[in-house]
Amino acid sequence: MAKASYYTFTASFITLGIALLAYLWYTIGQRRGAGRYGTFFTVNGALLLTTSLGLRWVASGHAPYSNQFEFSLSFAWGTIASYLYLEHRFRLRSLGFIAVTIAFGLLAYASTLPSRIDPLISALQNNAMLTTHVAMAIISYGTFACGFAAGVLYLVNRNGTVSFLPAPEVLDEIGHKAVMIGFPAQALLLILGSLWANVAWGAYWSWDPKETAALFTWLIYGVYLHARAQRHWRGVRAASLLIVGFGAVMFTFFGNYFLGGLHTYSGF
Amino acid sequence: MTATGTLTPDKRADTEVKPLAPKPMADGMAPAPRAGTHSRDWFDHIWNVLVSIRFGVVLIALTAISVFIGTVIMQAPGDVQASPELFDAWLAGPRGRYGEPWASIFEALEFYRVFQSLWFRGLLALLSLSIMVNVASRTPGIIAVVRRPPVKVSTRFFSRAPLQIRISVNDQPAELRPRLSTVMRRRGYRTIDWNDGATLAIYADRNRYGKYGTFANHLGLIIILGAGVLGNVTGWREDAFMVPEGTTRAVGHDTGLVLRNEAFVEEYFPNGTASDFRSEVVVLKDGKEASRGTIRVNEPLDVGTVRFHQAFFGPAVAMRVRNAEGAIIYEDSTALGFKYDGDGVTRNGGNFVLGNRQFAVFVLVPSASLQAPDPVIPAGSVRLEIFAPKQPRPVAVETLAQGEKREIVGFTFEFVRETQFSGLQVVDNPVVNVIWIGAALMVLGSMTVFYLPLRRIWARIEDAPDGGSLVTFASAHVNEVLFAHEFTDLGAHLARQVGGTVVASVQPSAMGDRIEAGM
Ligand code: HEM
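Chains as they are written, first to last, in our numbering: chain A, 7 to 274; chain B, 364 to 882.
Keep in mind that the hints are not guaranteed to be accurate.
Claimed, not checked - Footprint (simulated), chain B over chain A, 3 or more residues, beta carbon under 8 Å:
hint : stretch
1    : 172-183
2    : 188-197
3    : 207-215
4    : 221-227
5    : 231-239
Everything labelled a hint here was simulated from the structure, so no lab data went into it. Even glycine gets a Cβ: it sits at the ideal position worked out from N, Cα and C.
Sequences are here, hints too, so could you generate the full structure?
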């Protein structure tokens, strides 16, 4: 089963690579027909990745969050799922090439990591709270990745002069919508994390580096929401915050490499 | 803007609704400063800064930056912060890492203990104050928005609004109005009839109570911050409550609680990492059994507001000591929960006190993790170092094998057996549940605001020149592509339900992908 999971992971990796080319052709190459292929391959890539994660879940007996390999796959899945949702809601595909690049990059990174299934240390053993905790991380990081894509395109097309990109107001709204999903999800991520820490470690908040990194990310999006409430902050400044915010997400995600603390076991 | 049919929105169109009713105070707007005495001016000035969302943004940004600093700069652990000597020794680490002058600057700014620093706490206090003042000042405006909707708009609004749909229906306006209202109510809108001069009109809105979510959201935040402070003041925690197997220890802190460790169990994966460890315990309150259960890493035991967590474990030794008359004066186990270095190896140690503080006895065993045998203490033996009061050196040092008895300083010491202790964390945070309530309010509040946005639509029902009615729906939500879609769908739905047809619509041109639209 673990083997099958790895094969579907590889298949999804390749499928998303094709989707990426299609989206590039669509947006940069301005080829209208390529968009449908982008969507088709992305949907299939997402289904393959879902299968891969599902198989791994069954094989290991716990949700895919026990190491960096599993979490990279989940993060990629969240990015694609959020992207497909936004593509559907806003009826546009121009964000595709950035969102799929992020997901593709995460899978490429995952392919360099050991994919073995480890037994969980007792602090992490199967736990509904931890499963939802990680699900919230996937939703928030995935939507923030899409917010990042909208922010980048906004900066490129801030004057509305790049005719093949969506209008700046639309990109601004997509970014906002993404944060409206990601911000409460990340609040839940922090809350469920502290509920669980309260049970496991007897302290709901320890100012552990991984906790504070996630809090930092959340606060940046807090700045975004409040700054954007002022009309003149919409646009370039809001878009820049979307990019900084996603930088903080990546910082938290790769934080295992340089931050110590209680969460270090979840990486390696 | 693109227009189909005959509708053309005014290029200078106001994007704001201009209600005819008195305009409610806009959200987030501070009341105008009142003229008054000098101190009054000062008060108003400070108030105006505090309520402003711009100041709020600055505070949130400063908090974010502080949290970032506390994340990337080494933070001194709690026990290190508690002792000036330990802290001084600990500083060697950051000094080596950051170099001068940074290390000293960071120290002066308390960057090694950001989250315990006064300035960080002050920042959080200011943030709370700003939230409270801002929400208080917005309250009348928000209540007005909900309670006193701008039912009437000017006739011009119907030709200038950024979103417009016109449908033509065969019914007469008087018949049509209740029918339209019914359909809109089924779509979740509440409707209010009004007349624009002689023309019939409808005001409709949905999710008006969603606006109140912002109270729950920000109140939740204040509760979390407040309960955090309260928990620090009213609660306590014991990070290393060590109870050897088969023994009883008092919890202290005026709880009247006593914990008995009936058994301790550890299990391992084949590769040697711990898979499970647990303690079977009984907790007595004032001598009576209050609770009994198994404590595991993720399964603490609650006794009232006191919570016992399994945190660690280690070796313990059971000892018996008799006096010269042969009476037992000590029979208990000692948790060897501390590490000591000596003779080039690491040992586990603990201590107990004999008689009326006559002697302090240090008990040492070789650490289980040693690669090579301890040169002084054979495996399975204990070393006793016996100290008399005020003497820097032990008065006796002896090594005992298991089961061995030996007379030392006038007492008979017996090493009964080696056991294990269970290291528990004991926490009493009476307000932790308040935090969860605050957290729930915060998340549900923000979700209410985000997912139940206030929507307003006005409809004007005119007599059509050739009989029947012409209905114009207008709305002013700008920069809302998704609402524009919803508005279009609603218009088509309404037309279908009342047997009419859409004859014209105005929408922002920015919807959808411009590549799809053929640019
Ligand atoms: C870390 C602290 C804060 C968090 C997490 C937070 C959270 C939020 C969230 C999620 C929203 C959007 C939903 C809603 O309207 O309730 C919001 C809106 C708002 N917050 Fe905060 N808030 C914080 C601090 C503040 C402060 C310090 C102020 C004021 C000085 C403030 C003033 C406002 C205002 C005026 C709005 C409405 C903005 C609009 O009209 O779009 N908030 N806040």
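- Query: What hint numbers does the structure not satisfy?
  - Reply: Of the numbered hints given earlier, the structure breaks none, since each of them holds.
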